[in-house]
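Order-wise, the sequence lines are chains A and B. The opening position of the first sequence corresponds to residue -6 in the working numbering, with each subsequent residue numbered one higher. The opening position of the second sequence corresponds to residue 4 in the working numbering, with each subsequent residue numbered one higher.
These are calculated hints, taken from the structure and not from any lab test. Be aware that one or more of the hints could be misleading.
[As the list claims (entries may be wrong)] Derived contacts from chain B toward chain A, CB cut-off under 10 Å, selection only: (1) Arg52; (2) Asp54; (3) Leu55; (4) Ser66; (5) Gly67; (6) Asp74; (7) Leu94; (8) Asp95; (9) Leu96; (10) Pro103; (11) Gly107.
[Unchecked claim] Selected chain A positions facing chain B (Cβ under 10 Å, derived; list incomplete): (12) Val24; (13) Arg27; (14) Ala35; (15) Gly37; (16) Gly38; (17) Glu41; (18) Lys59; (19) Thr83.
Glycine included, every Cβ here is placed at the ideal spot set by N, Cα and C.
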Amino acid sequence: MKLPPYAELLGLTVEPGADAPVLVMPFSGDVVGRPGFLHGGAIGGLLEMAAVGALLQALEAECGAKVKPVNVTVDYMRGGREKETRARGTVTRLGNRVANVSAVAWQDEEDRPIAAARMNFLIVR
Amino acid sequence: MSQSSDPPAPPRFDPRAFFALRFPNHGSRLGVAHRDHGDDWSELELPWRADLVGQEETGVLASGPILALMDMASSVAVWLKVGKFLPHATLDLRIDYLRPARTGQTVIGRCECYRLTRSIAFVRGQAHDGDPADPLAHVAGTFMAAEGYW
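Please model the complete structure; the sequences and the hints are all you need to start from.
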C-alpha cells in the first residue's frame, strides 16, 4: 500500500495482514489535541486510511479501480492517550459500485477500541 | 457611594486568541486558523498544502484534514455557545464528502452548535473552498462534557 503525503504527516506505517493491513500511528506532538490526548481529527484520519487500505487490498486483483469516499461516521469511545495507535479496516460489502467498510482503532488491546468508523465508498472501475 | 455590586464578567471564550496563542498540536500542524465567529458558530480555515494531499496525482486534499478541520470548528462553536473553554470529547462525527476540494484552494469550515444540553452539544456545519453555496462537505456531530456544560 503506497501511502499519500497526508499519511506521512500522521507518521503512519503499514503492517501487512491477510485480510487487511494494520496502520500504525506513533504518538507525536503532530497528532495531539488537548494536552495528554490524541486529536479526534488525527484518529479519524487514521481510521479513514485504514478503511481505504482494507478496500484497496480487497480490490487488489482489479488494478486501476479507484475509490472515492462518500461519507464517514466516527464513534469516539475512549480518549486516545500518549501512545502508539493501531487501526484496521474490514470490508463488510464489496459491490460493483459501492463498498461498505468499517474500521477500528485501538491502543493496548484490540478488543478495547478507542474509536470506530463506518465509511461508504464509490468504486470507479 | 458608588455602586460596584456586579463582579466583573468572566472573559468570554475568544477563538481568535485561542488560535493565536495555542501550543503546537494537530491543528497547528495542519495549519488550521481562525476566520470568523459568532455567539454559537465558528469559521476556521485550512490552507491547501502539499503534505495534506491524499491523491498525489491530482493534488486533492485527503479527507482526514477536512475531518479534523470540521471537528475543530464544531468544538469551537460549542465553546462559543457555552461561553467558555472546557474540556469535552467528540462522541461522534459524521461527514458527507460532497465533492473533492479544489487543488490549491483554502478550505473553509463553518459549524454551529444548534442545541446545547447539560451533557451533550449538537453541532452541524459545512465546508467550502470559496463559494458557500457550493459546499464540499457536510458535517453533523455530538460532543459530551464529562462534568457537564454548566
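Checklist entry - Looking at the structure, which of the earlier hints fail to hold? => result 11 and 19
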